[in-house]
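There are 2 protein chains.
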Amino acid sequence: MSDSFSFRLLATDGAARVGEIATAHGRVAAPAFMPVGTQAAMKAVHWRDVRASGAEIVLANTYHLMLRPGAERIAALGGLHTFSGWDGPILTDSGGFQVMSLANLRTVEEQAVTFRSHIDGATVVLSPERAIEIQRLLGADIAMQLDECIKLPAAASDIEQAMRLSLRWAERCKRAFDQRQGRALFGIVQGGDIDRLRTESARTLVDVGFHGYAIGGLAVGEPAPVMLRVIEQVMPHLPADHPRYLMGVGTPEDLLEAIRRGIDMFDCVLPTRNGRHGMAFTRFGPINLRNARHADDPRPLDAESECPAAREFARAYLHHLTRANETLGAMLLSTINLHYYQDLMRGMRTAIAQRRFEDFCAAVRQGWAAGDLPPR
Amino acid sequence: MSDSFSFRLLATDGAARVGEIATAHGRVAAPAFMPVGTQAAMKAVHWRDVRASGAEIVLANTYHLMLRPGAERIAALGGLHTFSGWDGPILTDSGGFQVMSLANLRTVEEQAVTFRSHIDGATVVLSPERAIEIQRLLGADIAMQLDECIKLPAAASDIEQAMRLSLRWAERCKRAFDQRQGRALFGIVQGGDIDRLRTESARTLVDVGFHGYAIGGLAVGEPAPVMLRVIEQVMPHLPADHPRYLMGVGTPEDLLEAIRRGIDMFDCVLPTRNGRHGMAFTRFGPINLRNARHADDPRPLDAESECPAAREFARAYLHHLTRANETLGAMLLSTINLHYYQDLMRGMRTAIAQRRFEDFCAAVRQGWAAGDLPPR
Chain A
1 MSDSFSFRLL ATDGAARVGE IATAHGRVAA PAFMPVGTQA AMKAVHWRDV RASGAEIVLA
61 NTYHLMLRPG AERIAALGGL HTFSGWDGPI LTDSGGFQVM SLANLRTVEE QAVTFRSHID
121 GATVVLSPER AIEIQRLLGA DIAMQLDECI KLPAAASDIE QAMRLSLRWA ERCKRAFDQR
181 QGRALFGIVQ GGDIDRLRTE SARTLVDVGF HGYAIGGLAV GEPAPVMLRV IEQVMPHLPA
241 DHPRYLMGVG TPEDLLEAIR RGIDMFDCVL PTRNGRHGMA FTRFGPINLR NARHADDPRP
301 LDAESECPAA REFARAYLHH LTRANETLGA MLLSTINLHY YQDLMRGMRT AIAQRRFEDF
361 CAAVRQGWAA GDLPPR
Chain B
1 MSDSFSFRLL ATDGAARVGE IATAHGRVAA PAFMPVGTQA AMKAVHWRDV RASGAEIVLA
61 NTYHLMLRPG AERIAALGGL HTFSGWDGPI LTDSGGFQVM SLANLRTVEE QAVTFRSHID
121 GATVVLSPER AIEIQRLLGA DIAMQLDECI KLPAAASDIE QAMRLSLRWA ERCKRAFDQR
181 QGRALFGIVQ GGDIDRLRTE SARTLVDVGF HGYAIGGLAV GEPAPVMLRV IEQVMPHLPA
241 DHPRYLMGVG TPEDLLEAIR RGIDMFDCVL PTRNGRHGMA FTRFGPINLR NARHADDPRP
301 LDAESECPAA REFARAYLHH LTRANETLGA MLLSTINLHY YQDLMRGMRT AIAQRRFEDF
361 CAAVRQGWAA GDLPPR
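Residue numbers (the working numbering), protein chains in the order written: chain A, 1 to 376; chain B, 1 to 376.
Be a bit skeptical, because a hint or two may be false.
Repeated chains share a single entry, so a pair holds when one copy, or any two copies, can fit it.
Stated by the list, open to error - Derived DMTMM-like pairs: lysine to aspartate or glutamate, alpha-carbon spacing no greater than 25 Å straight-line:
| hint | residue 1 | residue 2 |
| --- | --- | --- |
| 1 | K43 | D343 |
| 2 | K174 | E160 |
| 3 | K174 | E129 |
| 4 | K43 | E312 |
Source of the hints: derived by calculation from the structure; they are not laboratory data. Because the structure is a prediction, the values reported are computed rather than measured.
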């Protein structure tokens, strides 16, 4: 265990990096994929299975937890780690993104964002200082600055205004942040799809100084090339000795492309959300278990997977569970998907360390392209 | 593993019995509680957790499985054990009960019951012979005769008519039953709440001869004293060297009272259904985790439980999961409840073997009556 937050760069292959993030709750191999435990729970997955998948850090959502059960309550119960039983590192977002996407009647002002809870309609004020306080109460190993996220496409003036507000909030978050052993604060680069705004945002944040830097405001519906261009635009302005986190991303293909460009951390609901909807991520590409072709197929999803559920259950059974709306289907497929994501990350880390990242990506893509073998 | 189905009576204490049921898929200590895996899955519980709870046999529902995914399909996939991954003994009901409670436009005739599927409206014919064939295709270790269940209260003439039809179907089921190693067929005593009909039903079934005898048509809304009176009425007519199964029962209190009267087997959805609704069965009686009094309670449900989930998670966390509709709440509480039921069964078996069953029941009831300690 490290006394304080740190990032060590261990190897590179092109722009792709392998590193190690040390936190008060343990070390995290990077590039790292963080499964999303929105309400202090992974949807339909036991914490022991999150751990068994290889995940070393998870994300929890400040917005949801501040509304229910409440940050002060979680603090009184010993913080998120004690409360949830997940004893590994936890990153909390600032609540900004979900205020924009879930809350009603929100008003963004210089001082704070005011909104109505989507649960009970209560009026809630979230300032940069309060966002930091909440994340401290939750006991986050990595806290995020409050930012204003806007949906793309948007007018350049709106993007610029939100980016500048986010920068001012970044400074206020840094001042409010009570740095203790092992706890870190990340700034968030905003600026939509406008290169000069992204550049300015990144440079200013680095001047303020954070433990790590996130790229926000992506994976909100923009085309993949836009996302990759923004990453390329931002990267040169971020210091190599700090972790870089691409928020809310993404598909397995997104992970390959973003890691190729130097991203170290990701979070995304896809593995669990798609698992609940009958979709499995595999070496053979995505497989929709709801499809009738699986109804009589005795083969497991992937006999060579490290995930027991992918080896031990027939596709016909997973198909049946999905069609019959049995919770066990969501449980097994979500677990299988978490495993696949972590296997992919592990493969990339090994490949980068051995300087064969491009070969690894080509082999992975070949597997996806070859697709799934038809049943007998 | 036994070569064929058998029941060994090992100890008695009053009318209460301890025995061992041997099946092709392993031995079962009796009295046994069978968790209900309706659609070849335990709702919100991994099979490994079903096993870890101490359950040695589970029930699956013929009605659901014949409609989806279909008995022939499951047979082609190797039977229920291979299909589901549960490798322990499985008892299947005959479908009769659910035809009455779930299907539409059902017509009961001498030859068979005809109904419309609640899933897709398809017309389905279920005869005694087909019920046996389906259970053979599923690979049930214990199959049940087809019977006609009617809701209580009902006219005596209706109860008598259903009972006599069930007896004729019992004979047809026995003729249709292809006895193979380790597979058993149980008859079902019907007759509603009318003592002379119950007596006639039991005696006739014993004359026909089955591997075990079930009491059906109870736990359908009648008062508890009626259920206990029917058990008392039936018991003297059932042979001591065959297992006795009380279908669809029940609460922990029901289990105590029925075992006290000589019942050996039970099935019920209560532990999993109530778990999904935020209710935990404990040594302190049932606890509704949705109740606001748990919101700040850091204590586990039961620090001395053999169930990890009952020891390791704070009530405040279980409360939060339940209120936030997180699937993990249903998963943990269902598992906790399966454990509690099995712990209770284990406790009763030990007490009967030591001839202190009444003392055990008194202590258990004392725990329930004392109730749960309030939070600090």
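Checked hints:
| no. | hint | result |
| --- | --- | --- |
| 1 | K43 <-> D343 | within (20 Å within a copy, 28 Å between copies) |
| 2 | K174 <-> E160 | within (21 Å within a copy, 80 Å between copies) |
| 3 | K174 <-> E129 | within (9 Å within a copy, 75 Å between copies) |
| 4 | K43 <-> E312 | both (22 Å within a copy, 19 Å between copies) |
Going through the hint list in order, the structure satisfies each hint without exception.
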